[in-house]
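K.L.:
Start from the sequences, fold in the hints, and give me the full structure.
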Amino acid sequence: MDLGEINPVLLVASLMVAATPLLLAAIGELVVEKAGVLNLGVEGMMIVGAISGFAISVETGSPWLGFIAAAVGGAVLSLLFVLLTQVALANQVASGLALTLFGLGFSALMGQSYVGVKPPDMGEIHIPVISDIPVIGPILFQHDPILYVGIALTTAVWATLKYSRVGLILRAVGENHDAAHALGYKVIKIRIMAILFGGACAGLGGAYISLIRVPQWTEGMTAGVGWIALALVVFASWKPWRALLGAYLFGGITVLQLNLQAAGVAIPVEYLAMSPYIITILVLVILSADKSSAPASLGRTFHASH
Amino acid sequence: MIVLEKRPQPSKAWSYATPLVAVLATMVFGGVLFAILGKNPVEAIGTIFWEPLFGEFSFYYRPQLLVKGAPLVLIAIGLSLGFRAGIWNIGAEGQYIMGAIFGAGAGLAFYPLDAWYIFPIMVIAGAFGGWLWAMIPAILKVRFGTNEILVSLMLVYVAEQMLASVSLGLLKNPEGFGFPGSRNLQSYESAHNAELIAGSGMHWGVVAALIAVIFAYVLLNRHMLGFHIRLTGEAPRAAKFAGVNPARLILFCLGLSGALAGLAGMFEVSGPSGVVSIDFNVGYGFTAIIVAFLGRLHPVGILLAGFLMALTYIGGEIAQSQLGLPAAAIQVFQGMLLFFLLAFDLLTNYRIRAARSEVA
Amino acid sequence: MTTPLLSLQGLTKAYPGVVANDQVSFDIGEGEVHALLGENGAGKSTLVKMIYGLVKPDSGTMLLRGQVFAPPEPRAARADGIAMVFQHFSLFDALNVAENIALGMENPPPMGDLASRIREVSETYGLPLDPYRTVGDLSAGERQRVEIIRCLLQDPKLLIMDEPTSVLTPQEVEILFETLNKLRSEGTSILYISHKLEEIRTLCDHATILRLGKNVGACIPAETSARDMAEMMVGSTLQTPERSGREFGDVALDVSGLSVPSPSEFGTALKNVHMTVRKGEVLGIGGVAGNGQDELLGVLSGEIPTAADAIKFNGQPIGKLGPTARRKLGVLTAPEERLGHAAAPDMSLTENALLTGSVREGLESNGFMKWSETKNFAERIIGAFDVRTPGPDNAARSLSGGNLQKFVIGREVLQSPDVLVVNQPTWGVDAAAAAAIRQAILDLAAKGTAVVCISQDLDELMEISDSFAALNEGRLSAPRETTGLTVDEIGLMMGGAHGMEVAHV
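Chains as they are written, first to last, in the numbering used here: chain A, 1 to 306; chain B, 1 to 360; chain C, 1 to 505.
Just so you know, the hints here were simulated from the structure itself, not pulled from any lab data.
Using N, Cα and C, we set each Cβ at its ideal position, and we do this for glycine too.
Only true hints are included.
Far from chain B by the CB rule (all over 10 Å, computed), these chain C residues:
hint	residue
1	D80
2	E174
3	T179
4	V216
5	T306
6	G362
7	K375
8	N376
9	E379
10	M462
11	D488
12	E489
What follows is a set of in silico ranges between Cβ atoms, one per label pair, in the way DEER data are often shown:
hint	chain 1	residue 1	chain 2	residue 2	range
13	A	V87	B	L20	17 to 25 Å
14	A	V87	C	A269	35 to 43 Å
15	A	L10	C	P305	54 to 62 Å
16	B	I352	C	F248	57 to 65 Å
17	B	F144	C	S262	18 to 26 Å
18	C	E223	B	R7	44 to 52 Å
P.N.:
Rendered as structure tokens:
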């Protein structure tokens, strides 16, 4: 065992990478939940995004096209959720589970010929001057572009929800869909847009795992990240910046336990591997006492009767 | 234009018809999927649904139906009680694993003792293991209001790591030449969940599944507790008004579903599988969710749905070996089934009506 | 004659199984306060939803200042100067006042400007309101102000108000009327929906009366007696419940020093509530909605447990007992919300009869249900209370509001309770059913049951109760004998004008 082998700069830099898929998925789900919809299919949308992005990058050689395909793939899968919950008015919990089960199977089917293939490299952005600052440079300014997209997305979602009219309407729909309907807002339409956005974000998050974090394709490779993202939304009390903080926290735990495994710490590997899940549970327990910030219409089906 | 109109009360006819319609729709769209994969859709569907029952080797496959169907039914019965009450245990896979670990562990603790009481002790230990694992989300929900969906699911991943850990450590076969995995319980007679009638596929897990079906049926239709479960799902405030203690209901539903999932795991490890190993669990805990919904959360429906789902597993394996249909295609097929079921369920509560054209 | 502001001509709207509006026509003049009068289910709400663009008429036309007016959605109606204050507020609890108001406007100014305009308008019309307060923390009266100010900021030509006074104390009603009179004098027309006749007589210039979706008459309220209007509205002569001379027995229900936090986030905590109800007595509890009524019912039913001594039944402490144990003793309750609280919507009437009747009616043994006895019990309720339904196998949600309410009240009455607590027993129920329910309550009291009737309908409370108390922000006023109480006194018990005086200094 040699803890000295763990390089703190690399550790912090890699925790940002580990956090990004979580962040992308959580930000998307946050918007969905703010609109009053509980989509438990994040895991399914992520894995479909992972394979869509992987397949398209390999076929075209362009990681960028891959990420676009991942967003589209996630959104298309979320369209099934739309059909179930917004059109067929099915139970959101069951529909989300269906999405995950279907997504896991579908991605495995699509990914058969991609096992063991290496995807094209996206490269890193070295922001001139500041990326050369010691310590801070490698930690903050030498990453792939999607990592910055994640942070930009967080900012955009935060600003939109807080300051824009669209954000206000979205929150209103999630808070009290009947009242929003009475004021003439199109509840279903707004929710559909939110769900599609959430799907696209989850897709991006999935592709980040298969194209950058790992990077390769294996069946079921999201391994519960989608579920942790759901927990993260609760952790964040539906606030974007807290989602970012939470993602980095979880990213940190993941990276740390991997580093500890690599360093050969005396704790058995299995116990290290289960730690992110156990910590998720602990965090949920600590934070579940306060539900006051949850959107009031969350998970309720809306049907405009007369 | 098409409008949805809420029925004054749920349609009985549609509630029976939707599973059938969903199965048909899945066959059609599954066929399209198989065609896209370059297989003859009629042949593929035929292989999946016909071969195991009436094909040349059906004498081999029919018992397999019981073997695969029993754990699905056993788990789904437990889940359905919770689902009816709006308590979402989706971590049955983890409880199944823990049941297997506890059950096998209890049996192996006696090795190589030969005694009649070993198997009953394993049954209790298996149920206890699953119950214990389900009590974690239950107690956290009751005590802190923690979301049981996320906790029960997280515990699946934890259980999988536990499984890996005991396969490599605690329960590792000392005579296994260093390979991971426990002793084979099939060759330890006192702990073996053997076929009750040779070649029938009938083992104690099948018996337990049938008992669970009858138990759930009586509970839901004849007992106040079952009434309270249904009431809580339909109208939680009315349930509180009727005097239901939500905390006790959560503990009961999660505990029972955990115990049943644990039993399923124990019967599997001591019978068909025989060995505690890293790849012991094959997703029964998740497929059981589909089974529960496909059976409309009704005990008899679940029994039928369980065997239908077992059919797709076995038929899928046959199609895999005979037609080269990818294993994942069957997973998609099963996912589709749940989709169509949820979508067509609309017809139970709503009428679809073409709106009159607007009169000026 | 001048063109009316809004002219409705032959408006018809049918829903499956019911014609909500059948050839309704009338005019609303400029600067007129026009009353739309009718019972629950007469079609008032559907009519205003058509004007507001929420519902499209099947046939008929509307003319706004002579121009054809057919708003496809509320936004269009608002753009044409129609504003509406809803009966059940279309407000968002978690958002603040300014955000709520912005949501009701087409092109809201930036938040800072909006806030100062809100202050401005609220001062002009005597409706004080802080733009940055969270709406969930406001009282019912304050919440209504949010809706009114939201409307006023759009300079409406026509302001629609749906049952605005049902959430106000008499003093607050007076202040509201001043605001409305001020608006009228500025030329705004008001469509005022109500079934409270005295209010309409004081406020409105014209009245149109709806019954079963049809326009059955018009009148000038100031020149028409309340009784005549009532008969036009109901279509027959009204029966007032009979009460025989009462003698009260010993104290059956004794509540003392009861304090309970609310289980819901924006609910009201009960603070040091005292009351006693004797056998045969009806205690009426008035007060504006949201002042602790739900919590009081929850505490008395056993849904919210409390200190054992805080509630005594025949001297026995029952505060810690749950609903089933209390039922066993004879303390029964009927909550306000019929669907989802008093009854499970998708379950049959038989199952709903079991919901509260299992213990007292012996519908279970050793935890096993007796279905045939339960069905008998459901049939007895249906028979005794004239519940209109094809049979006990029908789902609760298939019944009309009035019929379900009769079932819910009947279910408790038939179990011969020693104490009965009802919350809003006739809310949303037509006059005939309401009269039947009130009579049943009085009959039960005559047999010696102690009754607590929580209601927002003061007329109802004056009619059936022997003593009266009011809930105000979770506090209960000391009960007083009903006979001889004046409206002003009742208003003060209910909490007066909730700080509205400030604006009128």
